[in-house]
Amino acid sequence: MLLMVLTLTVALAACGQKNNSSNGGNASEGSSLSGSFLASGSSALQPLVDQVSKKFMDANSGVSVQVQAGGSGTGLTQVSEGQSQIGNSDVFAEEKLDAAKAAELVDHQVAVVGMAAVVNKDITIDNLTKQQLVDIFTGKVTNWKDVGGNDQKIQIINRPSSSGTRATFEKFALGQKSEDLQGSIQEDSSGTVKKLVGETPGAIGYLALSYLDDSVKAVKYEGVEASADNVANGTYPVWAYEHMYTKGEPDAAIKAFLDYMMSDEVQNGDVVELGYIPANKMQVKRDVDGNITK
Amino acid sequence: MQLESSAQRPIIGTGASELGGSIKAGSGKKFDRKNRLLIYNRFFKIACIASAVFVCLVLFSILFFMFRTGVLTFQDVSPMTFFFSTDWSPENESYGAFVFIFGTFALTLLTLVISVPLSVIIAVFLAEVAPKWLRNILRPVLDLLVGIPSVVYGFLGLTILIPLLRDLTGTNMGDGILAAAIVLTIMVLPTISRISDDAISVVPRKYRDASYALGATRFQTIFKVIVPAARSGIMYAVILGMARAIGETMAVVMVIGNTPQLADALFKPTSVLTSNIVMQIANVPFDSTWNNALYMMGFLLLIISLLMIVLVRMFQRKGAQQ
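Going down the list, the sequences are from chains A and B.
So in the working numbering, the last spot in the first sequence is 294, and the numbers never skip.
So in the working numbering, the last spot in the second sequence is 616, and the numbers never skip.
Isolated chain B (complex conformation) (with noise of 0.2 Å):
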């Protein structure tokens, strides 16, 4: 039927579906050229679909079976207690997962507090600064760091900032919240600054050329005209390092010294959502109120990391309106 519709039409066909219309004539055979066509045609659409459809399946099933076994938590605990209580310590059944909440904003903070502005004077010289030979080195240098596994980056940590943070600083570990965000800015630094660099990149050339005939430096073109032009980008590599920054597990685990109490001061040992639940999860009995409490940081991590792409996507989208 859809056969006789599509041929009525006209020969430009509007749509992928009705692709193959423009094959006016068949050889009248059932599996001729154009049946054939949009025959495939039709598995390629449903093919598509099923694909779309499983992704959101697979990540609405992820959810819901966080949140099914996370909220069972709230059967022995209240929801004031497991947010607003500082006091985990379940073998005594109190499950208070305040800290780690705390612990993960606090140590994204501090992690883009140092890393951004780094990130973006490096994106700054890499997209102005720069001669051309040095950027294409650099460019690749950076795109390279991030695909380095997080463990090693974790493992480094450990071997050669913990013992320097303990020797420069006369603390007596030397781990802590500062340790983690020192590890996380390596981690991130590279993503936001090739991201950014690329949003600097595609700043039109006559911003620059206006500014500079207006007699401004190269200094106040830079930072009053281009990155100001380059914002949305920007923001968007900052949220992007953000939430590798927020579900970052085991370069965090090795430097941040694990004991649940309020990161407070830079040298505390603390913990966060995340490594609390490396480290425990794998001793715990699966249907323990311990083991939901651990599913229901997960889940609060899932909900902060969508949280993270809503914004980015807002963020692409006004960049793209301007």
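Next comes chain A alone, as it looks inside the complex (with noise of 0.2 Å):
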């Protein structure tokens, strides 16, 4: 009782400081949360909710976050069954879990993520239909010349088939599911994928926006350039939502958190700097199966 009261007194004193100090622009931080949870799931997602749960740990110290990066489908499971409280995702629940499980949870969707296909930097093409793309990755297309380029062996660098990355690229710019083809190779992490496409001649892989640099090349989906402002305008569909599950609806210091990853702060500072698109600059939305509304 005496403990309650103490830290009752604590967390208020602590509070009042709060919000003397701060100048009404996180209004909605100063109240008294407190609480512990822990979010896991999708390494994808990991280091923006690291950063931003720091920030939010800052601003209350009555609420502890804990981060893991696990995978998406661990994720999933772990707040599906109440081991974490919050579950990261590249993908819709409805895509991993059973309908029953994924309908107990309640989806949040803090960032988008924009994918291109990267290819080395020595072969001369630019841009790829999705015809031809759905040829290379299913191996009926094996040489650069078929599809516009020099006379150069193609070289598939793919994620492993359980990838939320891969489940995307498969689903928004092929339009269908590949196999591991024979002579194709998979890898786990996006940035041994980039050093291997930037390294190997003829090799194509496929990567998420925030990881192009000079050393791949991007090409063109359709004939659209592969950026931020073609995927918030709806016009590059090669894209996936990142997802914060809850189960049933989040309490006070989860959803507070929350609300702070929607926030204006973090939707255009630490979303932006860590490569993703802010949500609220979406002009389309996607549903589960893909349908796209304005």
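In case anyone wonders, no lab produced these hints; they're calculated from the structure.
There could be a bad hint or two in this list.
[What the hints assert, rightly or not] Chain A regions said to be covered by chain B (calculated; three or more residues, Cβ under 8 Å):
id	region
1	72-81
2	161-175
3	190-202
[As the list claims (entries may be wrong)] Computed list of lysine-lysine pairs in DSS-like fashion (alpha-carbon distance at most 27 Å, straight line):
id	chain 1	residue 1	chain 2	residue 2
4	A	145	B	562
5	B	562	A	121
6	B	562	A	140
7	A	195	A	217
8	B	562	A	153
9	A	177	B	328
Built from N, CA and C at the ideal position, the CB exists for glycine as well.
Got two chains here, separate frames each, mind docking them using the hints?
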């Protein structure tokens, strides 16, 4: 009892200080939030959640947020089974869990990730149509000369079949599932894919826009350049939401955290800085089945 | 009660439990030196037994857990398909793990083919040929090599070996079973050669003397007398190296290509049990068939390495009998 009173006093005192010192900008954060929760899952989303959670904890000393990266499947399962309070995922829960379990989860789409097909810098082509990509990733075309390039063998550098990035690329760039082709290789991390595409002659792979740099060449998709603006206005179709799932409606502390995530401060600051596309900039919406609405 | 019985025995105790039995006269108080010793001994014994039981418990619960989850695979996939089908495409509900099982054995075999002759020659050099000062430098160097984390080997393989293989052979990627075997060879070489070195060093001097006395050359002495005499020790080293090669994950995953197809050529990207598990487990929901199949593959790995350990024990015993 005494302890409870003590903690309450301390918490209140802390809040009082905070309210006095903050100058109105973070009105939502000064409240008496406390609690601790775990956000686990997608390694693509982890840097953002991690960075935002540190800021959030600085502003709310009573809240402790733990962030773990273990993959989208792990995140969704853990939040569904109550082992973590937030499940980070690159894909919709419906695509990984059974319908009954997915229905219990509440989706919070905090950012968008665009993806681009990338090729080795020596490849002369700079545009691929959907059909050409399908031909390449299903093994129908194995030489760059068949899609307008030089006479050189195509080397596919893929992601493992369980990867969320691969699922997104297959769904929105290829429009179909692809198999692990003979001669293609699968790499676990975007960093490795970038390195291998950069140094392997005739290589093609795909990366999130945040990974693009001078070592690889991003190709246009159906004539549209892969850029944040084109994703936001709906002309470039290869993108996916980054989801943060909670089981049922979140409690006060988690809700405050998710609200903070969606605030302009984070969306225009950390989200852009880390190479994601702010969710509130999107002029189009997409549902689980891939239907686009303006 | 035990107090009295041990007091009646001869002064010199025969086992650890009778320690303290040699102290005959107590002061008569309840916690005199003798009683204290007996209590300590008993507690120590219990602590030891508890630790041993704990270790066994850990092992069996791991085995049990892996098996319990893994065996659920067979609700959806027939064992025939799982063990003998080469079609691993979980997104289409086909779970054939033969590619990985075959890959694991093929990779281990290839690793041993390269590493065993090399290691034995290194061991012979260390134990028989090298001058003492060189031996004193080389042995600690090999011991240090054993301790290098495997991810370092994998990274070096990815950044140095793969481009090198690509240039040397003209293949498109360089990834494949050969690249993985070379990396693993570098990893297990120090283990095998150091243990073989120890085995060769303890071959009695009289064997050498007898061989030289018969007019044998140094080469003949080493390969006809000393190495055969150290055979069980060398086998022990090889199996330890093999166990490490089979379980190795990080170094392999970085250079093998990770494509589920049969490893029937040296430069064909393929996959083994460990690399496939680590590539996929993070993105698979916990109670799916896919997840269970990965657990079954982990269970297979455990069984294989347990068999290795049993083999090691057999060779140790054989070595001790000689």
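Okay, the hints, checked on the actual structure:
1. 72-81: holds (count 6)
2. 161-175: With 4 residues close enough to chain B, the hint holds.
3. 190-202: holds (count 6)
4. 145(A) <-> 562(B): 23 Å, holds
5. 562(B) <-> 121(A): Holds, because 24 Å separates the two Cα atoms, which is no more than 27 Å.
6. 562(B) <-> 140(A): 19 Å, holds
7. 195(A) <-> 217(A): 12 Å, holds
8. 562(B) <-> 153(A): 15 Å, holds
9. 177(A) <-> 328(B): Since the Cα atoms of residue 177(A) and residue 328(B) sit roughly 77 Å apart, the hinted pair is violated (cutoff 27 Å).
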